[in-house]
Structures are given as C-alpha cells and as structure tokens.
Amino acid sequence: MLSWLMTACVYPCVLGPDFWGLVHRDWRMCTIGHLQSPINLDPSHILYDPHLLPIQISDHRVDLNLENTGQLPIATVIDTSKESVNITGGPASPYNYKLNQIIIHFGKAGGEKGSEHTVDRVRFPAEIQLFAYNSELYHNWTDARKNPRGILAISVLVEVGKKTQTELRRLTVASQSITHKGQNTTIKQVHPLSLIPRTAHYVTYEGSLTYPGCEEVVTWVIINNPLYITHEDLSIWNELQKSETKQEEAAPMWPTYRPLRALNGRLLRTNINIANKGGSCTSHVFTDLGYRANPARHNYGNNSIAKRHALGIAEEAETAFHSNHLAIDSL
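Going left to right, the sequence shown walks through residues -16 to -1, 1 to 315 as mature numbering (1 follows the signal peptide of the UniProt record, and there is no 0) numbers them.
These aren't lab readings, by the way, just hints derived from the structure by calculation.
Take the hints with a grain of salt, since some may be wrong.
Said to hold, decoys possible - Restraint-style ranges between C-beta atoms, simulated for each label pair:
| # | residue 1 | residue 2 | range |
| --- | --- | --- | --- |
| 1 | Pro38 | Glu233 | 18 to 28 Å |
| 2 | Pro132 | Gln160 | 35 to 45 Å |
| 3 | Gln55 | Gln173 | 26 to 36 Å |
| 4 | Gly73 | Ala234 | 42 to 52 Å |
| 5 | Gln55 | Thr126 | 39 to 49 Å |
| 6 | Ser28 | Val157 | 20 to 30 Å |
Each residue gets a CB set at the ideal place from its N, CA and C atoms; glycine is no exception.
From just these sequences and the hints, can you work out the full model?
Here you go:
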C-alpha cells in the first residue's frame, strides 16, 4: 500500500485531500464515500436522544510515542497490551474500545484556525482527537479500521485561553522535540482522561477517518465543552515542519485539517436536553443547543423539525475505482 504521507510529499502542490481517492485504489472511499468526516455541526440538524448515556473512560495512564509524520503530529500508545485506557458507554455501547492514538489538528496562532469539525460553520484554533479501536470484536487497530463498529473517536475542540490544560501542555512541550518529519519522542505516563473536558454532554454521528483511506467505520463523539490552550503554546505547534531537515526550505505543517464533508442525510444525536422544560416531547431536533464550545453562535430559538430515523450502515460502493480515477499525469 502506498503511504499517504509519501504521496503528500511527492505531490505537495497538486494533490490535496480532494484527490486522495484518485491517488490509490485503497483510498477510493475518500472520494466516493457518503459517510465522510469531518462535518459541520449544525444545531438545526441535531436530534436529542434520551437513551444516550455518558461516555465512560478509564482513569489510567499510558506511555505515548509522539511523531511528526510530515502531515500530522500523532501520539500512539506504545504498548496496548498493558493496562490501557478503555472507553465504553454512550454510542460505544455495548462494546469496549481501547485507546490507540491521539492526533492534534491546529492552525496558526492568531491566524487561520485549525479544527476539523466546525460548529455553526465556526472553526476553532485546534482539535484533539482520541482514537480507540473495538477490542471486543477485533484484535488490533489494523483489523478494526477495516470493519463495522471498528473505531471510536472522541473530538475535543480547543479554544485559546489564559492557561493551557496540564496534559495538553505536556504534549505541547514534547512537540518541540519533533520539529521535522520523521522525528519522534516518548512521553511517559500521560493521563488521557484529563484531555476530556468535564462534561457529560456530547454530539455523536457515524463517519470516517479523516486521513487516507477514510474508512467509514468511525463513531464520532464531539464533546460539548472546549479545552484551552494559550496563544503562546499554540504558537509552539506552529513550529512543526513538513520538511525532514533544517537544510530544506521551511514548510510549516499548519493548517492540518481535512475540508468539511457533506452530511448526506446522516443523523446527528445529542444527550443535551435544554429544550425539555415543560415535559413536552423531547424526540425532536432542537435548534438552540447552547453550545458552550461556540460563544459566537446565533440564538435560533426553540424551533424544531420532525424526528428523523438513524441512517443505517452504508452499502458497499459499487462504482469501480478506475471509473473515478483521474490520471495524475494529466493534473
């Protein structure tokens, strides 16, 4: 399989995320998939689900290997066979998911923002994504990312504030050791639970990985409250380069987000029930969810639309890769 990181380096100015599915047959879902991520969270399309329970995350520490891949900083759990961080509850039920990696998406401090998901089309300075695989159905991450209910992703939007959260600060400091592509460093005894804001509220939907091959096996959980980072610490992430050495021309990594993908009728569910004040029916999509992660959002009022049914697992794509393939040489 052709590495997506290598491809991004070979075609840096020509092939962006919109061309991933045309580069390699194993990535075709990036182009033809209908359950792709990231998406915009539009409050007018979010359904309150009274059956969504809180997410449960085990209170364990893990050692991480933080690596500059040339496209993203990725922190991978070094040994998942040891006592691991397990995630269950909410949309993860009835399965148990084991934390595998943490990815940080960021923009430029004081400039272009870098979160992948948006709220009311508002993008945030950064986004932390914790990826876990279904350890009850699959043996490892590789197997899980190819199969239904394989991956659970917890997304935490990051806002600029007066103080950086402690564990995020540790990741930030460690990033200074991986300025160039291929560099990596070990971070001991990281506490992933601390990267999750203290709230039981979230929005969930069915989507995909946001990097090749964009497999549509991901249950996304977007936490309602933000985490905070200082302007100075966000600037440290801006030092990460796509280049391998100092001798090469500077190639800043930011921004690291994939452009928004179409919702395509998918159901967005939440356990936030702020509209049920008079005992009325709560199985509606409420347009005023009071997103605390987005202080700039408009107040749409408590208008609602009819209840929608969840979208089932997408059918296997019938369009052959070659019928959608554009010759790279012609670009």
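Tested hints:
1. Pro38 to Glu233: 18 to 28 Å: The hinted range 18 to 28 Å is violated for Pro38 and Glu233, with Cβ atoms some 48 Å apart.
2. Pro132 to Gln160: 35 to 45 Å: 40 Å, holds
3. Gln55 to Gln173: 26 to 36 Å: Holds: the Cβ-Cβ distance is about 27 Å, inside 26 to 36 Å.
4. Gly73 to Ala234: 42 to 52 Å: Given about 44 Å between the Cβ atoms, the range holds.
5. Gln55 to Thr126: 39 to 49 Å: 19 Å, violated
6. Ser28 to Val157: 20 to 30 Å: 41 Å, violated
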